[in-house]
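S.K.: The task is simple: from the sequences and hints, build the whole structure.
Protein chains in written order, with the numbering used here: chain A, 1 to 697; chain B, 1 to 101; chain C, 1 to 554; chain D, 1 to 493; chain E, 1 to 165.
Careful, some of the hints might be misleading.
Claimed, not checked - What follows is a list of derived Cβ distance ranges for each label pair: (1) 460(D) with 150(E): 36 to 46 Å; (2) 122(E) with 53(D): 41 to 51 Å; (3) 354(D) with 21(C): 17 to 27 Å; (4) 416(D) with 626(A): 17 to 27 Å; (5) 485(D) with 630(A): 45 to 55 Å; (6) 381(A) with 496(C): 34 to 44 Å; (7) 496(C) with 234(A): 17 to 27 Å; (8) 460(D) with 59(E): 52 to 62 Å; (9) 62(A) with 540(C): 33 to 43 Å.
Derived from the structure by calculation, the hints contain no laboratory data.
These figures come from a predicted structure and were not determined experimentally.
C-beta: ideal position from N, C-alpha, C; glycine also.
Single-letter residue listing:
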Amino acid sequence: MEQQPTNIWIWSAIAVLWLLPLLSFVIGLVLWRRRKDGLGKFSTSLLAVSTLLSWAIFGVNFGVPESFFSVSWWTVGDTEFSFSLALSGITQLLLVIVSTVSLLVHVYSLEYMKDDPGKNRYFACLGLFTFSMLGIVLSDSLLLIFCFWELVGTSSYFLIGFWYKKESAALASFKAFLVNRVGDLGFLIGICLIYAIFKTLSISELQGMVDAIQWKGEVFNFEKNGELISSSPFMFTVISICLLGGAVGKSAQFPLQVWLPDAMEGPTPVSALIHAATMVAAGIYFIARVFFLFTPPALFIVAFIGAITAVMGAVAAISQYDIKKVLAFSTISQLGFMVLALGVGGREEGLFHLATHAAFKAGLFLAAGSIIHALHRFAHETHAHFDAQDMRLMGGIRRFMPTTFLVFLLLALAISGIPMFSGFLSKDAIITKAFSWASAEGGVRWIVPMLALFSAFLTAFYMSRLVMLVFFGSNKTPLLGNKGGLTENGKLITIPLLVLAAGSLWIWFNWNPFGQGSWLMDLVATDRSTISGLYLETTNEIPHKTIAIISILVSLTGVGLGYVMYDEDEHQAIAELEEKTSKPGFWSELSFNNWYLNELYDQTVVYSFNQLTKASSWADRRVIDPVVNLTGVLMVVTSVVVGWFDKKVVDGLVQLTVRITEFFGNIARSFQGGAVQKYIAWSLFFTLLVVTWILIK
Amino acid sequence: MGNSIYLLLSAFVFSAGVALVLTRQNVIAVLIGVELVFNAANINFVYFNALYPERLDGQFFTLVVITIAAAETALALAIILKLYRTYHTTNLDEISNLVEE
Amino acid sequence: MMNYLLSLIIWTPVAGALIVLLMKDKQATAIRWISLAAVLLQLAGSSILLFQFYQFPESSGGYSIESFHFVEKANWITMDLGSWGVLSIDYLLGVDGLSVPLLWMSTLILVIGMISSWSITKQVKGYFALYLLLSSSIIGCFVALDFFLFYIFFEFMLLPMYFLIGIWGGVRREYASIKFFLYTLVGSVLILVAMIGLYISVSDPTEILADGRLVRTFNLLHMSDPANFIAGSILDPTSLKEWGGVSIRSLAFLFLFVGFIIKLPAVPFHTWLPDAHVEAPTPVSVVLAGILLKIGGYGLLRIAYPIFPEAALDYSWWVGFLGVVAIIYGGFNAMAQSDLKKLIAYSSVSHMGFVLLGIAAGTTEGYSGAVFQMVSHGFISAALFLIAGVLYDRTHDRMIENYSGLAEKMPYFTAVTVFFFFASLGLPGLSGFIGELLVFLGAFQSSSVNGQVPQWMAVLATFGLVLSAAYYLWTLQRMFYGRLALREVAWKDMLTELTNREWLMFIPLVFIVLLLGIFPHFLLDLMNGSINQLKELVFENGKTIIQSLNSGGS
Amino acid sequence: MHKEGLSFQLLEALGSLNQVGPELAIGAGIILLLIVDLITSGKRPLLLLVLSMLFAFVALWLILPLWVQMPEGGLLFSGQLIADRHALFSKAIILLALALTLLFGTGLQLRTEYYYILLSLTLGGMLMVSSTTLLSVYLGLELASISGYILTVFGFKKLNFEAGIKYLLFGAFASGLMLYGISLLYGLTGSLAFTTEAFTTQLQQANEPLALFAIVLVLMGIFFKIALFPMHLWTPDIYQTAPVPVAAIFSVVPKIGGLIVLLRLTESFSVVSSYSQLLIFMASVSIVFGNMAALNQNNVRRMLAYSSIAQAGFLVLPIAINDGFAVTSFYFYIFIYLFMNYLAFYLVDHMEREQKFSFNDYKGLGKKHAFLAVAFLVAMMSLVGFPPLAGFTGKLYIFSSLWNEWQTSSGNLLLIVLLLAAGNTVVALFYYLKIPYFMFLKVEEKDTSGMETLTAGQVMTACLLVFMLVFFFLKPDSLIQVIQQIPFPVTQL
Amino acid sequence: MDTGVIHYILAALVVLSVLGILVTRNLLYAAFLLVLTFLGVAGLFVLAQADFVAVTQLMIYIGGVLILLVFGIMLTNRVAGQPILTQLNRTVLGVLFSVALFTSIVYLSQGFHSTEAVVVPHAIQRLGMAILTDYFILFEIVGVVLLVALVGAATIARFKGEGHG
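M.R.: Shown next as structure tokens:
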């Protein structure tokens, strides 16, 4: 394997940019209970350095083949587990995305969390998160990825439950961690299986082995250190699906997407960073990293999971009233899109969408947070009590918060897939890829691009609904009306918004707003072989133009429909709303309740889990303990019997037998009374037993 | 011929002694039973000695048994007298304060 | 002095106990300091040992006395039993990579337990004397290489433990202590029977008397070599004697196995554990969970497996199965508990299941994982019981439902709790993860490498991770999050932050759990050589014996 | 010819006398004490105590030269007795038991007759262990029994008389059975000298069921002495009622007497097939029965009585196995048993003087009487067989001998017995632990501040016994070396 | 032949008297019937060449033991003019056990080789010699036993008071 000589400068820079957030975390831990302000700014400046470095690396190292850094971490038996990092195009891209978004969120949070007593804890957790997320990005070892994978989950747990005094927040964090753990089991099993076969967990080594793979009929043959390792394609499908499990959990794919909407209990900047831009995208990134291991059947499953999630999320987003929930479901849907992209073989397309989505979804969340923050401030000033996230209580906000409105509008257009924005480029690329994939094999696969289109349509629809409800029409906030009082937030909030909005323009990705793909896709592309590549797949290129037109049309229809449906006379709108809440139809209920997945899981998984818990506790107290104690009990019983035999045998026997016959009664009574003679009788009895034994023998 | 007489007799006396020991409530009657058991053994000893006349083991054994039986009886009676003073009975069934709790 | 380092570590507390016994009950402070000094000396000794150990080259060669360090050998009992031969019992101590980590962990936990014992005020003299005796016998278990010596320490341990639970325990302490004693004594008796069979069947190859009589030995290393079994003895690997279709060697293995897994404890012999833990005073729980359980696992690896390798290979399916059952079953039970200590106790059952699974897997990763898990669980469970103790000390109540929102009242305590809960549920970067990971790696690998444990077991075992996350996080959510709500108003003032003494106990544990989680090689490097030797011993001897049996039997 | 024979025989008898030095010393002691008692008219118990102690040590001292001079031992008095090392070793134990019994002191205010009857009990035991004919066995047994009956009554309370008559009647009946058995054996073999080859060959040729029947009857008499199932029923009553030192000596002297007789008999009897099975069976039943019955006792001494039944079972097992290793383990265990049992009774004695009879009375004593409680703990743990005490080593050897025998036998019976015996250790723990349990774990109910602590002398005695138990755990080889000098098989003539 | 008849007569005497003891509940009757039994047994001893033993039997049993028993009976029953009766208990069991014993002994006794009784020459003389030679030590021990029993009996009987508490 040709390897770039380790560039000491690059790697030192990486070390610095990676460890600075950790430093921020450690200092945050130390200063956690101090009520001083400086920490936030300090963390932000640390992160600024990180971000600069990441851009610098992006620039300096652009187009350079991947390079590795590896030291021995620990050894068990003869197997060495190394601490290995990799730097390639995909890494650089993610480094930039993560650090930049994180920096923006940090800046934003300076304002947003200004008055929160736990803000030191908050920044510490953000530091931990950024560190671990960068860890995922940089790691070359599956084990390391898993470690950081769990760590991001943990920081997410802490941040969702940041306001731990709120029961719902505590519960949501619990749920998020648990659901993620379920997914991680798959990841872990996958790792273990890979280790069992290859005795290594290094992605680059695995890639090397796949490069040199020998396809012998039913089995794959690998060579490692002169040893021949054989494995069946089926095993690879199993491994791929297991690894997919991790991604399904982390990226909130069907059927594990239930945690993400609840995770909105965390502070909004956190939602932007973790639950929109970066952590949830880690699943996609991860699959992209181990894409070469996936077999066609596994990819087929990936595509369908993505498609299903995309539609389910989009449907659920339609009828939400909580502004963050809409965005959460939208995130699920978009993540589904990315997974779909991977499934149809569009590794680069998926990553491209990841990048664009990171920008516009983070921006959307931050913008929503901006509104919420302003409303909170307003509520605080006027002592009003209302739900600051309920869209039914908003409306007409564009008048009060023009910057936020502008940003929100741009980003909504981006996500809706309207040309001139990044979203169009990436979505279009995915849909194109999906169509070519489907047309190559045909059959049931056609469902995937259709669902993709459908979800694109829904996306446009619910985004325009959101914009209409929040920014247009009349204001329904209690005590606010059309008077002033609600004001735009400060610069620390608006500047990150504007940056992200700017980032969602087409120009950064492709000079041609209707163009195909992006240079980013070339950056992350790799020429290494994949397992699915072994199966000669016929790809049938469908002209990009056709697809682009279709997708633009679909998006526009969605936007238009949303605009028409929600831009009516205010009274009518309200009446309609009331009607909707009082008499919900089946579909809107289904959508509102996210397909009743929570209820389904409560009734099945959680219920059986609880039953099992009860059953095993019952078994422990009532079965195992007693059964194991049975020997003891038997012992005691015997002792009681012996004791009883010694003193009372006879009373009982007597009373029983006397009634039956005098004769037997006499015998029985014979053992009674006069202790000596009783003793003698017993001894004689046993002696006679022995004698009997002698006689029979 | 003589063979069976002695053996049968001793067996009979032995069993009778056992029966006495088991059935009588009066402690002295029980003692009588014990004496019968001893006598049964003695009959055997003397009879068997006649079968093996080289040494007089059997006869001497009988002497010892007789002596010891006497000693034991004396001791027993001493205890019985004391017992009678404290319990006012010689009925063994009534002399049983030592029972397991 | 280095030559007698192990003896020093063992006997220092006994000396301490004697001094304590000579003092008056009223001199409580002095007693405490003397006891602390004794265990600190122990810790110092084992630390010296540990650092020396890092400098030894990794032992190569076979599993023999040469691969042990700090060996002390003295003739203890030599009995000439005439034509039967000579019975020889040695005072044989030594440590290898398997025992050193456990040894060091034990000494540290003992020190922490001692600090935790500071709050004991009832019958101080007796308590500390017993505690010191306990610490002696624990260490003795880990360093004895003579089966007899091991057994003495193993069995003697019960007595101080019995009194420590029985006198200083909670409400149902009497029941708990007797249950503990009886369960473990049953195990000891089984081990005793196996031990008797072994020494009668094994002769010392290094000592042969001039007249050709055999020297029967209790030396564990001699027992581990099938060549040393006396031809024609019942436990001779070629012996065909059986009982009810089970060969006697397998039977002896089962005796040892059951004896040790009662201590471990594995389902279904675990029910003494929750009771003992709940009733024991905090430091005793700490020692019990932190150290005593490990002796079961250590015994399996040091005694049962090397001596009866073929039976071990034979039964590995069941061993693994028991492990998986313990993991899942313990987890579910932990979920159901409303008593914090019981919850932790059941979580111990669950976590010790990993040890069994790792041992059953029979791969290097599995063995290493089992040992790693034992060490890491030692630290983590100690901390968890200390956490329960912190609450109990303040309110004398351990019921989960009686607390809510503690995070608000005791933020630092909450942080510590969260740390150890996450360590216990296997968060990467903390020691608990590495042990479990290694066990999984070993278990998954097993079916392709040696066919000991099927993969479905490993898959089932991973479910334990979800379970542990569930019960720990649920507990966090119930006790620490939410609004502050306590059963009694007065508690609000009682629930104060951690004291300096408590910090002193937690900080080393936090440090070590982190260290082992991030740099596991500190531990793995210590034991790699020994584990490899052990593994090869078990598999080579096991396979040889099975082959010879098959060829001899047919 | 007759005269020549006579003088020869007389000379032989006289010559034998120097080999029964210990017995002579004790016999002389009995008579001397009787005379001194008559002279002082029962007013000087302390003098008698010292004298008995003196005689005990003289007798003990007399054993030494015999041990050295007579490695093989020889028949004495025309083959009635033997002074081999089996006899000498057991005599030493018996005399040690005597000395220890005397150490209980005069606190009981026993009548002065107590001392020489104690000596005669000892003499009976010594006679039993050196018997080689059924006649001397019977005589020794009766001497021990009769002294036992008398000693039981000492204390002279209502219950003592009751216990005395019970013991006497049961004992007389048992010896009646034994006598009948002996007479049948005599009839079968024409000899009473059971160590002779003639006896063994005759027995081998005899009708098996009849021989076995006779043997069973003989065994019953011996089982009575060692308190083995099914002749154990008297034990709890007597142990509970007799004065504590008497109960203590009952648990050792007649037991070892009976056991050595059993050991010698086994050598001959084992020619009858299924004899050893019978013995093993009885021993096992004893272990189980004793342990089970001991479980739910409330009275400490009753518990000890049942435990001694179980211990008797443990002691009979190696005898039933009857090989060199087993016999070694037997001697080791009985030697240790002496110390641990005496320690228990010694402490119980102190408790009873404080009117504490049942476990309930022991509640919470551990706190204030720490030494007492710890000594109790040592005694009980040693009886259970818990390291680091010699009781453990003893049990270990017995179990080892079982395994060793199993190795050479064909079936798996011995493994079952081994497991049963080992399992019973756990059962035994239940009740042995009761005393420490009540002393340490329970809280005292009554005010025990009035209770006296042990005197310095008592502490020393207890320390001595504890030391023995620890010492023989640490260095069992010192004892085993001595035991190894006892030749095996028992009869080498 | 004639000795054979005497055998039977004596045996019948023993059997009948023992049966009488078994049947009667009167203690005094039992004691007197015991005399007959002892006499019969002594007679059988004579027939079996054990003259000295027979004499001892008569002297010690009838002259000693029996007298003791009668004394005992008298001393422990204060009711005058009424027959001194003993209650019965366990009759069925006693009979059952003793019959079982009897049958098993009789059954097993077939295992004896039927050797004919031989005349024991010079029995008394030889016994006397043996007592002082072969059985010298045992004879002494019997003495000790007697002494101990005597002292014991005396101590017990002499003891005044109902114990110390």
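S.K.: None of the hints should be skipped; say for each whether it holds.
M.R.: Outcome of the hint check:
{"no.": "1", "hint": "460(D) with 150(E): 36 to 46 Å", "verdict": "38 Å, holds"}
{"no.": "2", "hint": "122(E) with 53(D): 41 to 51 Å", "verdict": "48 Å, holds"}
{"no.": "3", "hint": "354(D) with 21(C): 17 to 27 Å", "verdict": "24 Å, holds"}
{"no.": "4", "hint": "416(D) with 626(A): 17 to 27 Å", "verdict": "26 Å, holds"}
{"no.": "5", "hint": "485(D) with 630(A): 45 to 55 Å", "verdict": "48 Å, holds"}
{"no.": "6", "hint": "381(A) with 496(C): 34 to 44 Å", "verdict": "38 Å, holds"}
{"no.": "7", "hint": "496(C) with 234(A): 17 to 27 Å", "verdict": "60 Å, violated"}
{"no.": "8", "hint": "460(D) with 59(E): 52 to 62 Å", "verdict": "54 Å, holds"}
{"no.": "9", "hint": "62(A) with 540(C): 33 to 43 Å", "verdict": "55 Å, violated"}
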